[in-house]
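Trainee: As you go down the protein sequences, you meet chains A and B in turn. Its first residue numbered 1, the first sequence is counted upward by one per residue in the working numbering. Its first residue numbered 116, the second sequence is counted upward by one per residue in the working numbering.
Simulated from the structure, these hints should not be mistaken for lab results. Just so it is clear, CB atoms sit at the ideal spot from N, CA and C, and this is done for glycine as well. It cannot be assumed that every hint is accurate.
What the hints assert, rightly or not - Only part of the chain B face toward chain A is listed, based on derived beta-carbon distances under 7 Å:
no., residue
1, GLY118
2, TYR214
3, LEU217
4, GLY220
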Amino acid sequence: AQSVTQLGSHVSVSEGALVLLRCNYSSSVPPYLFWYVQYPNQGLQLLLKYTSAATLVKGINGFEAEFKKSETSFHLTKPSAHMSDAAEYFCAVAGSTSGTYKYIFGTGTRLKVLA
Amino acid sequence: DAGITQSPRHKVTETGTPVTLRCHQTENHRYMYWYRQDPGHGLRLIHYSYGVKDTDKGEVSDGYSVSRSKTEDFLLTLESATSSQTSVYFCATHSQGIYSPLHFGNGTRLTVT
Chain A
1 AQSVTQLGSH VSVSEGALVL LRCNYSSSVP PYLFWYVQYP NQGLQLLLKY
51 TSAATLVKGI NGFEAEFKKS ETSFHLTKPS AHMSDAAEYF CAVAGSTSGT
101 YKYIFGTGTR LKVLA
Chain B
116 DAGITQSPRH KVTETGTPVT LRCHQTENHR YMYWYRQDPG HGLRLIHYSY
166 GVKDTDKGEV SDGYSVSRSK TEDFLLTLES ATSSQTSVYF CATHSQGIYS
216 PLHFGNGTRL TVT
């Protein structure tokens, strides 16, 4: 079975500081991994996705994530936090069974950006 | 985003009453999903559909049923609402193609009193 674990349900950073949100996955097959962002009272929006083409994936709003197979990790980073980055972030892994697809989500990390 | 509309956006209902939530999409996506979001649990899959009249259970399907009579609509029914079903419900879709990302609606906030 596939799963993802997000370390830290709440992360606070100062504006302009590095953002690092952690995600570890478990998968018996090469995984397809995603990061989503959720702003208040909205649905989730795709930030970026890993589909084995490149280990470093660049997404929207200056975010990027690096796939590390040896560490089973897919951490999300941004060099310089902006106030508008305050949101909840979800890591997800996709799997396929008999032609149907399932997306398993982590429990989320709420990012707070301090002025 | 991907033309996904959820209705209603907010609902308050009493324990024991049936409730139906609707998801409508305009993208002709084959795959549709219902998730619930609760603090500390992230998103958990309730049911999903891989085509008209083709549905299957997710990890938290007890007390819920679904129907998909046409491509664009996916209905989630709480047969007899309980307080434990107070949650925010999200519909999501994705297009044909392996591991294409999910597109989400804006959610329905359901309160069961």
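Trainee: Is the interface hint satisfied for TYR214 (chain B)? The criterion is a beta-carbon contact with chain A at less than 7 Å.
Mentor: With a minimum Cβ separation of about 4 Å from chain A (threshold 7 Å), the hint on TYR214 (chain B) holds.
Trainee: Can we keep the GLY118 (chain B) interface hint, with Cβ of chain A closer than 7 Å?
Mentor: Constraint on GLY118 (chain B) not satisfied, violated at 12 Å.
Trainee: Given GLY220 (chain B) as an interface hint, is the shortest Cβ-Cβ distance to chain A below 7 Å?
Mentor: 5 Å, holds
Trainee: Hint validation: LEU217 (chain B) versus chain A, beta carbon distance must be below 7 Å. Holds or violated?
Mentor: 6 Å, holds
Violation of the numbered hints given earlier is confined to hint 1; every other hint is satisfied by the structure.
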